[in-house]
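Peer 1: Here is what each chain is made of, one letter per residue.
Number of protein chains: 2
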Amino acid sequence: MSETKEEKEREREMINEELLIQALEEENLDLFREEFTALHSYDQGKFFMKIGDHLRIRLYHYLSPEEMAELFEGLDIEEDEYQPILAEMNPSYAAEMLSEMYADDAVDVLNELDKDQVASYLTIMDDDSAKEIKELLHYEEYTAGSIMTTEFIAISANQTVRSAMYILKNEAPNAETIYYIYVIDEDKRLVGVMSLRDLIISDDDTMISEIMSDRVMSVSVGDDQEAVARKMKDYDFLAVPVVDFQDHLLGIITVDDIMDVMDKEASDDYSKLAGVADMDTVDRNPFNAAKKRLPWLIALLFLGMFTASLIGRFEETLDKVAILAVFIPLIAGMAGNTGTQALAVAVRGIATGDLEHENKWKLIAREAGTGLITGSICGVVVMVIVYVWQGSFFLGILVGFSILVTLIVATLAGALIPLLMHKLHVDPAVASGPFITTINDIISILIYFGMATLFMSYLI
Amino acid sequence: MSETKEEKEREREMINEELLIQALEEENLDLFREEFTALHSYDQGKFFMKIGDHLRIRLYHYLSPEEMAELFEGLDIEEDEYQPILAEMNPSYAAEMLSEMYADDAVDVLNELDKDQVASYLTIMDDDSAKEIKELLHYEEYTAGSIMTTEFIAISANQTVRSAMYILKNEAPNAETIYYIYVIDEDKRLVGVMSLRDLIISDDDTMISEIMSDRVMSVSVGDDQEAVARKMKDYDFLAVPVVDFQDHLLGIITVDDIMDVMDKEASDDYSKLAGVADMDTVDRNPFNAAKKRLPWLIALLFLGMFTASLIGRFEETLDKVAILAVFIPLIAGMAGNTGTQALAVAVRGIATGDLEHENKWKLIAREAGTGLITGSICGVVVMVIVYVWQGSFFLGILVGFSILVTLIVATLAGALIPLLMHKLHVDPAVASGPFITTINDIISILIYFGMATLFMSYLI
Numbered sequence: 001m002s003e004t005k006e007e008k009e010r011e012r013e014m015i016n017e018e019l020l021i022q023a024l025e026e027e028n029l030d031l032f033r034e035e036f037t038a039l040h041s042y043d044q045g046k047f048f049m050k051i052g053d054h055l056r057i058r059l060y061h062y063l064s065p066e067e068m069a070e071l072f073e074g075l076d077i078e079e080d081e082y083q084p085i086l087a088e089m090n091p092s093y094a095a096e097m098l099s100e101m102y103a104d105d106a107v108d109v110l111n112e113l114d115k116d117q118v119a120s121y122l123t124i125m126d127d128d129s130a131k132e133i134k135e136l137l138h139y140e141e142y143t144a145g146s147i148m149t150t151e152f153i154a155i156s157a158n159q160t161v162r163s164a165m166y167i168l169k170n171e172a173p174n175a176e177t178i179y180y181i182y183v184i185d186e187d188k189r190l191v192g193v194m195s196l197r198d199l200i201i202s203d204d205d206t207m208i209s210e211i212m213s214d215r216v217m218s219v220s221v222g223d224d225q226e227a228v229a230r231k232m233k234d235y236d237f238l239a240v241p242v243v244d245f246q247d248h249l250l251g252i253i254t255v256d257d258i259m260d261v262m263d264k265e266a267s268d269d270y271s272k273l274a275g276v277a278d279m280d281t282v283d284r285n286p287f288n289a290a291k292k293r294l295p296w297l298i299a300l301l302f303l304g305m306f307t308a309s310l311i312g313r314f315e316e317t318l319d320k321v322a323i324l325a326v327f328i329p330l331i332a333g334m335a336g337n338t339g340t341q342a343l344a345v346a347v348r349g350i351a352t353g354d355l356e357h358e359n360k361w362k363l364i365a366r367e368a369g370t371g372l373i374t375g376s377i378c379g380v381v382v383m384v385i386v387y388v389w390q391g392s393f394f395l396g397i398l399v400g401f402s403i404l405v406t407l408i409v410a411t412l413a414g415a416l417i418p419l420l421m422h423k424l425h426v427d428p429a430v431a432s433g434p435f436i437t438t439i440n441d442i443i444s445i446l447i448y449f450g451m452a453t454l455f456m457s458y459l460i
Numbered sequence: 001m002s003e004t005k006e007e008k009e010r011e012r013e014m015i016n017e018e019l020l021i022q023a024l025e026e027e028n029l030d031l032f033r034e035e036f037t038a039l040h041s042y043d044q045g046k047f048f049m050k051i052g053d054h055l056r057i058r059l060y061h062y063l064s065p066e067e068m069a070e071l072f073e074g075l076d077i078e079e080d081e082y083q084p085i086l087a088e089m090n091p092s093y094a095a096e097m098l099s100e101m102y103a104d105d106a107v108d109v110l111n112e113l114d115k116d117q118v119a120s121y122l123t124i125m126d127d128d129s130a131k132e133i134k135e136l137l138h139y140e141e142y143t144a145g146s147i148m149t150t151e152f153i154a155i156s157a158n159q160t161v162r163s164a165m166y167i168l169k170n171e172a173p174n175a176e177t178i179y180y181i182y183v184i185d186e187d188k189r190l191v192g193v194m195s196l197r198d199l200i201i202s203d204d205d206t207m208i209s210e211i212m213s214d215r216v217m218s219v220s221v222g223d224d225q226e227a228v229a230r231k232m233k234d235y236d237f238l239a240v241p242v243v244d245f246q247d248h249l250l251g252i253i254t255v256d257d258i259m260d261v262m263d264k265e266a267s268d269d270y271s272k273l274a275g276v277a278d279m280d281t282v283d284r285n286p287f288n289a290a291k292k293r294l295p296w297l298i299a300l301l302f303l304g305m306f307t308a309s310l311i312g313r314f315e316e317t318l319d320k321v322a323i324l325a326v327f328i329p330l331i332a333g334m335a336g337n338t339g340t341q342a343l344a345v346a347v348r349g350i351a352t353g354d355l356e357h358e359n360k361w362k363l364i365a366r367e368a369g370t371g372l373i374t375g376s377i378c379g380v381v382v383m384v385i386v387y388v389w390q391g392s393f394f395l396g397i398l399v400g401f402s403i404l405v406t407l408i409v410a411t412l413a414g415a416l417i418p419l420l421m422h423k424l425h426v427d428p429a430v431a432s433g434p435f436i437t438t439i440n441d442i443i444s445i446l447i448y449f450g451m452a453t454l455f456m457s458y459l460i
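Those sequence lines, one after another, are chains L and F.
So the first sequence is numbered by UniProt numbering: it starts at 1 and just counts up by one.
So the second sequence is numbered by UniProt numbering: it starts at 1 and just counts up by one.
These are calculated hints, taken from the structure and not from any lab test.
Keep in mind that a hint or two might mislead.
Heads up, the list lumps identical chains together, so a pair's fine if it works in one copy or across two of them.
Straight-line distance between alpha carbons at most 25 Å, and here's what the computed DSS-like set of lysine-lysine pairs gives [as the list claims (entries may be wrong)]:
hint: 1; residue 1: LYS362; residue 2: LYS50
hint: 2; residue 1: LYS134; residue 2: LYS320
hint: 3; residue 1: LYS362; residue 2: LYS320
hint: 4; residue 1: LYS264; residue 2: LYS292
hint: 5; residue 1: LYS50; residue 2: LYS360
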């Protein structure tokens, strides 16, 4: 059997890893640097996280703060892992590394530290970097401001392509992207944009004002990062400028950061649908995992207890017709299933922006219709099965009709609850699958036992 | 109250929309073209989908096939909507538009048509475009080959930066990205890569072989698109080259297509967790929505019937102790909740690649531990509540102990089932929340009633 490309890559990676560890252990600086600096920063970061802290401490002596900065930018770790790693470094080394990082990435790291730790790093750091970072630290998490970088290229419209190219070549080493060039007026207001592509195919003597586009799409510094991600995906931008309410250009957001946002937001929505508060990753130990999941489980436990007490009120009914208990999980389960389906569509619709104002009532009417259709079909199927199985016509009618009503109500609830939460400015993804399922358990049991009690005379 | 940036934008958009519709209706070609061509292709696409087909047919006369091609590339619609739209166009206009599109986007459209329709468009089209498209049509859906484009810039290593820049300027109008330049040998094998940034900051007389990086990261043409997306996200690439098994450069995949893949895969995983086969969007009518959801609901209905028949076997137990029925939804619900949590972590772990070979057993051991911890805590809580509420010590023990065992088994099942499916090369996301929930219903009821029947003598 031939190896796949991926397997071959993994093998090569492992050989390389062993070589690097050996070089570190034997204190072979030259060999280590030769191999390590040739790696992509993401692979450097993976290696960095894999070795223990005793080897990492050696690494800090082998790599310059600039080199470590690049590694750190590509690091793909949990937020709470930054602090212990920084603590391994000499403070002045750490401060220099932070000042060499792109400001937005440095801010991501600093956001995870205590306030006094941040202050002490900012004090040792060179003034320019400290100033830049301080400005970014102001912005609230999950806003455009918190993920933007200030290392962009901005020029004035009143110059030629030749002089713009000259500026570009000078600023290229420090800018996070050189593929969009922003045009500002004397008050630093954003007035235009052009791509490096436009610049390159233009004649050297052309004026910037002639080739720039003055319909610039931008985002506000307070915009939600998810909305920014949606915009960049829809418009296929590699970077988007961030402005304040007077259109002053404050920074840019690049597509690599946006991919991280998309990935994180998708993970969050997914976790919440499953009722895992915060993202629980495969690497945590059981105690941490249990800590993340228990709040949900305990909350659902009490809701479940409430369901139990509801059934308890129908104990008399149950005592007379024990067979009723047989269909509890079926009816509750169907309510949960259809509710989760409706929920997912509504939450996704809100997240992708498909669900604008005009569509909400349409969605509710649509879900009512869907519930009616699925309820009718499932109801008839259940009625026939129960009738054949139990030989009781009235029991068939009761269970089938309960399924019909339950599916309509549960489908509507699945759509209405996230819409309501969105209106109340609560993240609709919080109305997770288990939550909807448990709510719908309660609804379905009320319907089922309510009808059973009402029509008891036909059942005995 | 001041308007937000987004509200202002929407307002402007709506005014613009009305103006455009009016211009179309009044057959004011000049005004329409002036306003419309200034829009971003994504906004053009939104407008295009909003107006009815009678106005769209006028649009095809007002825009050239090239202009329509750009609009089509930015179109964000369901796959089954392409066919009716193409049918509105004159076939030669449609063929010319398809040939003007980037080959990967044209292939996306053609993939949705019948084979004879594709053949007829390819026949009218110019030969070069038809050849390019035919090659791409071979690749299987969801592979790197199916999303790559063949419009990239490749040069040989044996030339100066000056001559490379000359090639670049010439090819820029047709290439999908000019920000990466790939270096190939005489057999068209990929040997190096450099960014436009590297090119721009280098001296004109430098040889390409000196500045290119020969550690090129590439993907195989048969790789899964999700794996490609993961790689681009991890390594922050704006484009990645696609090669065959002999490293011949076949095409490139750009980041804008990858964002669409990430979005689609996230939607798919989310929908499947909720048990909505395929993505169900908010715009569908109730019949279509019901059609998408019914297969799941019916399957779950039969599983639920099986659960009911299981409880039916314990009818004797239930007849004696009707109070047992009260706790069925609680126990089944908790099993479903913990199973969904464990499932989400495992599916996400598989999707993000965190769950490599070495981690699988760790995950299983971890989930067993998590189930033990959450089960113990929830079990004790339930035991106390049931004891206080019902005044029966043995009932408390029975329900509490059932919760403990159920949570351990259900948590393990939630992790094991997706892992097993992954091993059997079935998409683990198919093991959706409702599926796991229903399986866990069955497990929990067997545990609960099994124990109740066993210890019946203590309960009466």
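Peer 1: Which numbered conditions among the earlier hints are violated in the structure presented, ordered from lowest to highest?
Peer 2: When the structure is compared with the hints, numbers 2, 3 turn out to be violated.
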